[in-house]
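Trainee: Spelled out, the chains give:
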Amino acid sequence: MKLKTFKIGGVHPPENKMAANSPIEALSLPKRVSIPMNQHIGAPANPVVKKGDDVKVGTLIGKGESFISANIHSSVSGKVFAVETVMDTTGYKVKAVIIDVEGDVWEDSIIHSGALIKDIKLESAEIVERIKSCGIVGLGGACFPTHVKYMVPEGKKLDTLVINAVECEPYLTADHRIMLERTEEIMVGIEIMKKALKINRAIVGIEANKPDAIAKMEKVAANFPGTEIQPLKVQYPQGAEKQLIKSVVNREVPSGKLPLDVGCVVNNVGTALAIYEAVQKNKPLIERVVTVTGKKLSKPANYLVRIGTPVDMLVEAVGGIPEGTEKIVNGGPMMGKAVSTTEVSVTKGTSGIIFFDKSEARRKRIANCIRCGKCVSVCAMGLEPYLMEKLVEKSRWEEIEKLAVTDCIECGSCSYTCPSSRPLLDLIRLGKANVNRIRWERSKK
Amino acid sequence: MSRYIVSLSPHEKGTYTVERVMWGVVIALLPSFLASIYFFGIRAVAVTAVAMITCIGVEYFIQKFMLKCEVTAFDGSAAITGMLLAFNLPSSIPLWEVVVGGIFSIGIAKMVFGGLGKNPFNPALAGRAFMLASFPVDMTTWPIPIKTSMLWAMGKTVDGTTSASPLGLLKEGIKAGGNVPEIFANAPQSFDYFNLFIGNVGGCIGEVSALAIILGGLYMLYKKIITWHIPVFYLGSLFVFTGVFWMIDPNHYADPLFHILSGGVMLGAWFMATDMVTSPMSVKGQILFAVIAGVLCGSIRLFGGYPEGCSYSILIMNAFVPLIDKYIKPVRFGKEVNYG
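Note that the protein sequences, when read in sequence, are chains A and B.
Residue 361 in our numbering sits at position 361 of the first sequence, and the numbers go up by one each step.
Residue 198 in our numbering sits at position 198 of the second sequence, and the numbers go up by one each step.
No lab work stands behind these hints: they were computed from the structure.
One or more of the hints may lead you astray.
[Claimed, not checked] In the BS3-like style, the derived pairs of lysine-lysine whose C-alpha atoms are separated by at most 30 Å in a straight line are:
| hint | chain 1 | residue 1 | chain 2 | residue 2 |
| --- | --- | --- | --- | --- |
| 1 | A | K118 | A | K7 |
| 2 | B | K329 | A | K2 |
| 3 | A | K121 | A | K216 |
| 4 | B | K223 | B | K68 |
| 5 | B | K326 | A | K233 |
| 6 | A | K2 | B | K224 |
| 7 | A | K4 | B | K68 |
| 8 | B | K223 | A | K402 |
| 9 | A | K63 | A | K121 |
| 10 | A | K50 | A | K402 |
| 11 | A | K233 | B | K335 |
| 12 | A | K257 | A | K444 |
| 13 | A | K281 | A | K56 |
| 14 | A | K233 | B | K68 |
| 15 | B | K223 | A | K295 |
| 16 | A | K402 | B | K335 |
| 17 | B | K118 | A | K296 |
| 18 | A | K156 | A | K257 |
| 19 | A | K402 | B | K13 |
| 20 | B | K64 | A | K233 |
| 21 | A | K56 | A | K93 |
| 22 | B | K223 | A | K394 |
| 23 | A | K296 | A | K17 |
| 24 | A | K402 | A | K358 |
| 25 | A | K390 | A | K444 |
Chain A with its partners taken away, still in its complex shape (with noise of 0.2 Å):
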């Protein structure tokens, strides 16, 4: 049988994916975390406890107060060391909550065990409260607030849940751990969250380099009626929300227009996971799996890791950066963040940390474009990057407009695939911004 995929573009990276057979380990407390306020696209949190404070395992430390934010609550047990400006992994200044640990004492409302709940006692209205209070952001990486998705508008038919559990992208190997481990959980998350957007409907899709997954979840989602899972060619960035709903419902998202307009809502199967322990657990998002690899590394591992612990502990524990480390990518390769140094903590969006040595973390010569069509082939929205990133060159910003750059997903294809090494994303990105601003400058008049 032909696997399904989406049609336009796509390239295959090689999968490197090390951590696949490592099984996930709590990673023991920190002595002190660091929370940002801003782990979540939007508005950051207001930070609600001061210098001082008593917390536990759960209290609200941040409150988000506008339309697209996010509560976040304290990962640890122990005293506010102080409410700061710290670094984040971007390099951003942020505000951030500094907790020194001590013990593990969980709030009382918390079910700490690890048993099973497949009732769902909550209604609809009632699981999307919980998801909002349990501050339940996207887990696949941009971390956008899970219940602004669930808030579905009036008169807009909805009729499946896509859960993402692609991982495309290469070296990542959480999901697929998650999908291992903790398959039951996340199908009853999958249950809550079709009782939420009040549908019965749900399509997982997985790559078809995760046979073992696949397997383990066509098993339990047979006691599940309305989850199917469909298997789906390997092809980078199949991940993305429009690329994933193409491939396993075959619908088109329009340019500019929600998954919401062709009648779906994708979900990271993590935040499944997540959704699960917010509703049945009534557990905040305070700890996330996060994948720790990298060529040189002897042991790959996946961690399940307390928002906020610094990254120098999980570089600690898995014996120290490797060797001739000169780039450490927070996220996947394709997609992920370099960080300046190991000092930054994991958020709720990381979902690895990994080590390129010398002959990786540089990037070739820059050479003249060949015209070779390569980036045009390979761009999943059918753009064309060479000519953007020469417009944005010269700063011809409505050009750049007309050619749908606000369209790109930054998957990074075209510049992955490059023969000459442009930095055709860059570029793009530059005149996306560049594109916005005008387009808002515009509005205001």
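Put chain B on the given structure of chain A with help from the hints.
Mentor: Leaving out everything else, chain B in the frame of chain A:
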């Protein structure tokens, strides 16, 4: 505290590079080169070597001493130009003329426009067109492949060892009022499909053997250096165009299979129309480019003054590439959908 490299994503880089593309094309040209040695002997080697050395040397000289910029003469692109230029020349051409052609190809057709990737016309074809205008006699006198010339010298009488190419003979014959079957029957060599396919006919160094060219083309397809669209649509469009006229009057027009196997179209379709720099970016644009080039080539062959139209058809279409790229866009995701 150690510091790390910070750059924007993606952090992964594919293995496809300019050097790999260019030297891949050179490898793909090797079967034709071997075939040319087999048919034309040491002269083929001499012409190819002179053309390649000239092209690489001119690019090196211009980058090193005139532009004083980074030297990229050895990235393989100049080597391809040299090889393709040589493959478009008769093996009997005087070597100094090859040097002139090489200087024009790289110096005028490529470096003047800004070097690799900036040239509007295929440098090898531009060089060939320049040489055809400058040295018309030397450029249209082809030695007959060594092996055949000995074989057929026993049966028929011939003057010397040179002749026109199959297409040239056809053109002359038709101008003189002959018809196609007669011209073929009286040809000094056999123009059956087998000889045309393996290359046992008069012609330029690298263009005679369709078999060797197709082998190289398949290698490029396998290595994903080119896609199948341009060669297939170019040859297909020429086949259909000449086929229509052949069906109308087989005495006046040669059959389409003869047309795609003779002359330079095989080499042109696989190696020169597919030149990345001078062909459109989108697949739809490439198809349009190839179809029109095929029709142009057929028109020149059937109705034009020259017996062969391949190189001009590609050069003319090269000029239209910016226009094609402006109006023929790739299929956008979510564009074709009804916005509702």
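Trainee: Now, for every hint given, state plainly whether the structure supports it.
Mentor: Evaluated hints:
With a C-alpha separation of about 38 Å, the suggested pairing of K118 of chain A with K7 of chain A is violated against the 30 Å cut-off. Our distance criterion of 30 Å between C-alpha atoms is met by K329 of chain B and K2 of chain A, whose separation comes to about 29 Å. Distance hint between K121 of chain A and K216 of chain A is fulfilled; the C-alpha atoms sit about 26 Å from each other, no more than 30 Å. Taking the CA atoms of K223 of chain B and K68 of chain B, the gap is about 34 Å. The hint is violated against a cut of 30 Å.
The suggested pairing of K326 of chain B with K233 of chain A is violated, with an alpha-carbon distance near 33 Å, which exceeds 30 Å. A distance of roughly 22 Å separates the Cα atoms of K2 of chain A and K224 of chain B; the hinted pair therefore holds under the 30 Å criterion. With a CA separation close to 52 Å, the supplied pair K4 of chain A and K68 of chain B exceeds the 30 Å bound. Restraint check for K223 of chain B and K402 of chain A: the C-alpha separation of about 34 Å exceeds 30 Å, so the hint is violated.
About 26 Å separates the Cα atoms of K63 of chain A and K121 of chain A, which keeps this hinted pair within 30 Å; it holds. Pair hint K50 of chain A plus K402 of chain A does not hold up; C-alpha atoms about 49 Å apart against a cutoff of 30 Å. Note on K233 of chain A and K335 of chain B: the hinted pairing holds, with a Cα-Cα distance of about 24 Å set against a maximum of 30 Å. In summary, the hint linking K257 of chain A to K444 of chain A is supported, as the alpha carbons are separated by about 22 Å, within the 30 Å threshold.
Restraint check for K281 of chain A and K56 of chain A: satisfied, since their Cα atoms lie roughly 16 Å apart, inside the 30 Å limit. Annotation: proposed proximity of K233 of chain A to K68 of chain B is violated, straight-line Cα distance about 49 Å (limit 30 Å). Between K223 of chain B and K295 of chain A the alpha-carbon distance is near 27 Å, which keeps this suggested pair within the 30 Å criterion. With a C-alpha separation of about 13 Å, the suggested pairing of K402 of chain A with K335 of chain B holds against the 30 Å cut-off.
For the proposed pair K118 of chain B and K296 of chain A, the alpha carbon gap of about 41 Å is over 30 Å, so the pair is violated. At roughly 13 Å between alpha-carbon atoms, K156 of chain A and K257 of chain A fall within 30 Å of each other, so this suggested pair holds. Annotation: proposed proximity of K402 of chain A to K13 of chain B holds, straight-line Cα distance about 29 Å (limit 30 Å). Distance hint between K64 of chain B and K233 of chain A is unfulfilled; the C-alpha atoms sit about 48 Å from each other, more than 30 Å.
Proposed proximity of K56 of chain A and K93 of chain A is supported: the alpha carbons are some 26 Å apart, at most 30 Å. Distance hint between K223 of chain B and K394 of chain A is unfulfilled; the C-alpha atoms sit about 34 Å from each other, more than 30 Å. Of the pairs offered as hints, the one joining K296 of chain A and K17 of chain A holds, with about 13 Å between alpha carbons and a cut-off of 30 Å not exceeded. For the hint linking K402 of chain A to K358 of chain A, the alpha-carbon distance of about 39 Å lies beyond 30 Å, and the restraint is violated.
The straight-line distance between the Cα atoms of K390 of chain A and K444 of chain A is roughly 29 Å, inside the 30 Å bound, and the hint therefore holds.
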